[in-house]
Amino acid sequence: VVGEDVATSPGHVVFRNRLVELLHYKAPSNRTNGPPIFIVPAWIMKYYILDLSPGNSLIGYLTKKGFDVFCLSWKNPDRDDAELDLSDYLDLGIRAPLTFLKSQGVAKVQAAGYCLGGTLLAIAAAAGQHEGQPQMSSLTLLASQTDFNEPGELGTFMTEAQVAFLEDLMADQGYLDARQMTAAFKMLRPANLIWSRVIRHYLLGERTQINDLMAWNADATRMPARMLTTYLRKLFLENGLANRTYRVDGRRVSLTDIRCPIYCLATEADHVSPWRSVFKLLALTDTDVRFVLTNGGHNGGVLSEPGHKGRKFRVLDKKEGTRFVGPDAWFGTTDAKSGSWWVDWAKWLTHRKSEISPVPELASLGKAPGTYVFG
Numbered sequence: 001v002v003g004e005d006v007a008t009s010p011g012h013v014v015f016r017n018r019l020v021e022l023l024h025y026k027a028p029s030n031r032t033n034g035p036p037i038f039i040v041p042a043w044i045m046k047y048y049i050l051d052l053s054p055g056n057s058l059i060g061y062l063t064k065k066g067f068d069v070f071c072l073s074w075k076n077p078d079r080d081d082a083e084l085d086l087s088d089y090l091d092l093g094i095r096a097p098l099t100f101l102k103s104q105g106v107a108k109v110q111a112a113g114y115c116l117g118g119t120l121l122a123i124a125a126a127a128g129q130h131e132g133q134p135q136m137s138s139l140t141l142l143a144s145q146t147d148f149n150e151p152g153e154l155g156t157f158m159t160e161a162q163v164a165f166l167e168d169l170m171a172d173q174g175y176l177d178a179r180q181m182t183a184a185f186k187m188l189r190p191a192n193l194i195w196s197r198v199i200r201h202y203l204l205g206e207r208t209q210i211n212d213l214m215a216w217n218a219d220a221t222r223m224p225a226r227m228l229t230t231y232l233r234k235l236f237l238e239n240g241l242a243n244r245t246y247r248v249d250g251r252r253v254s255l256t257d258i259r260c261p262i263y264c265l266a267t268e269a270d271h272v273s274p275w276r277s278v279f280k281l282l283a284l285t286d287t288d289v290r291f292v293l294t295n296g297g298h299n300g301g302v303l304s305e306p307g308h309k310g311r312k313f314r315v316l317d318k319k320e321g322t323r324f325v326g327p328d329a330w331f332g333t334t335d336a337k338s339g340s341w342w343v344d345w346a347k348w349l350t351h352r353k354s355e356i357s358p359v360p361e362l363a364s365l366g367k368a369p370g371t372y373v374f375g
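Numbering of the sequence shown is given in my numbering, commencing with residue 1 and proceeding in unit increments.
Be a bit skeptical, because a hint or two may be false.
As the list claims (entries may be wrong) - As a list, the in silico DMTMM-like pairs of lysine to aspartate or glutamate whose alpha-carbon atoms are at most 20 Å apart:
1) LYS234 to GLU83
2) LYS280 to ASP257
3) LYS312 to ASP344
4) LYS319 to GLU361
To be verified - Between beta-carbon pairs, the in silico distance windows are:
5) VAL343 to THR245: 33 to 41 Å
6) ASP177 to ASP249: 25 to 33 Å
7) ALA269 to GLY55: 36 to 44 Å
8) SER254 to GLU131: 18 to 26 Å
9) ARG247 to SER53: 22 to 30 Å
10) THR333 to GLY366: 48 to 56 Å
11) THR371 to ASP5: 13 to 21 Å
12) ARG95 to ARG259: 16 to 24 Å
13) GLY310 to ASP249: 43 to 51 Å
14) ASN211 to ARG323: 43 to 51 Å
15) VAL315 to GLN162: 31 to 39 Å
By construction, these hints were calculated from the structure, which means they are not laboratory data. Every value quoted in this text rests on a predicted model; they were computed, and no experiment measured them. No residue lacks a Cβ here, since even glycine has one placed at the ideal position from N, Cα and C.
Working from the sequences, and respecting the hints, build out all of it.
See the structure below:
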């Protein structure tokens with residue numbers, strides 16, 4: 001049950017508009033290890049994959065490490081939201097909450113985006129921040145693609161004909177239904193997501209015990225028609241972000257305009273954001289990048305709390321001005337470290353401790369997990 005078994009970290013809704021609620025999770029004391037963290041989750045699923053059970057909550061881990069955390073909770077769109085575009089997700093989902101934080105006295109944030117949320121956050125960082133928004137002192141991208149030239153298994157489905165089919169499908173209802181998306185993702189890994197279940201349930205007579213990640217995975221969302229079409233055409237098929245043809249505010253966006261340091265996480269078994277595709281960020285940016293590759297998949301690899309058995313990760317630090325190394329050449333010469341990438345990330349975030357941005361008391365619009373998560 002959301003709010004009882006999962007999404008239980010204590011926090012408050014401090015901002016709301018027609019698309020997002022902004023949840024604030026305070027560090028348990030006045031101690032702070034750096035500017036607050038501003039998290040943009042993917043809107044294809046609910047935000048609380050980052051706040052599952054207390055033992056594997058990334059949000060809970062960060063607050064215990066002394067960071068204030070702000071996290072977006074996206075509204076589940078319906079027919080009335082059919083015309084929301086990707087630009088609306090940028091303006092209402094990222095710019096508006098950041099403008100609110102600046103108006104409340106938050107001067108700096110450490111921005112972090114997960115999956116599609118990371119792609120959108122990278123666009124926001126590259127497009128430039130408005131004067132009325134906090135400075136991004138760092139940028140973290142978790143399993144997020146910025147170059148879609150080799151998107152992995154999803155590329156098998158995303159052709160011009162498939163996008164046209166989806167447009168026809170969404171013409172009447174105004175959105176892509178969660179069940180329709182789930183069916184597509186299951187076809188990406190039929191051995192794991194379809195046939196293994198058939199074998200266990202119907203041939204062996206077993207039943208899968210529900211867990212927090214499975215419950216979250218079943219709590220899917222919808223995607224507005226116009227936004228999804230723009231994403232698939234402009235970013236996926238045209239690869240507009242990597243090719244510098246995608247426009248924000250009438251101007252082309254270039255990832256080389258991102259000047260803050262970047263922490264880029266990829267997962268070895270990711271079928272949504274293949275790690276070699278995520279790795280391409282290093283060739284698209286001029287700033288310092290710490291690239292971390294952990295074992296596990298798109299979700300399981302991110303949920304890698306300290307003490308999680310069998311977790312390991314590899315690290316590449318690309319400094320501004322150094323030569324590019326290909327993913328396979330790097331992988332073949334780099335040893336894996338045992339443990340959780342969460343610990344590595346927390347240390348990296350703490351390096352900006354001198355840039356502490358005090359977080360004032362913010363008026364509460366209600367307790368976390370808020371209202372949009374139940375939509």
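Each hint tested on the structure:
no.	hint	in the structure
1	LYS234 to GLU83	holds, 16 Å
2	LYS280 to ASP257	holds, 16 Å
3	LYS312 to ASP344	holds, 11 Å
4	LYS319 to GLU361	violated, 37 Å
5	VAL343 to THR245: 33 to 41 Å	holds, 39 Å
6	ASP177 to ASP249: 25 to 33 Å	holds, 32 Å
7	ALA269 to GLY55: 36 to 44 Å	violated, 22 Å
8	SER254 to GLU131: 18 to 26 Å	holds, 20 Å
9	ARG247 to SER53: 22 to 30 Å	violated, 42 Å
10	THR333 to GLY366: 48 to 56 Å	holds, 51 Å
11	THR371 to ASP5: 13 to 21 Å	holds, 18 Å
12	ARG95 to ARG259: 16 to 24 Å	holds, 18 Å
13	GLY310 to ASP249: 43 to 51 Å	holds, 45 Å
14	ASN211 to ARG323: 43 to 51 Å	holds, 44 Å
15	VAL315 to GLN162: 31 to 39 Å	holds, 37 Å
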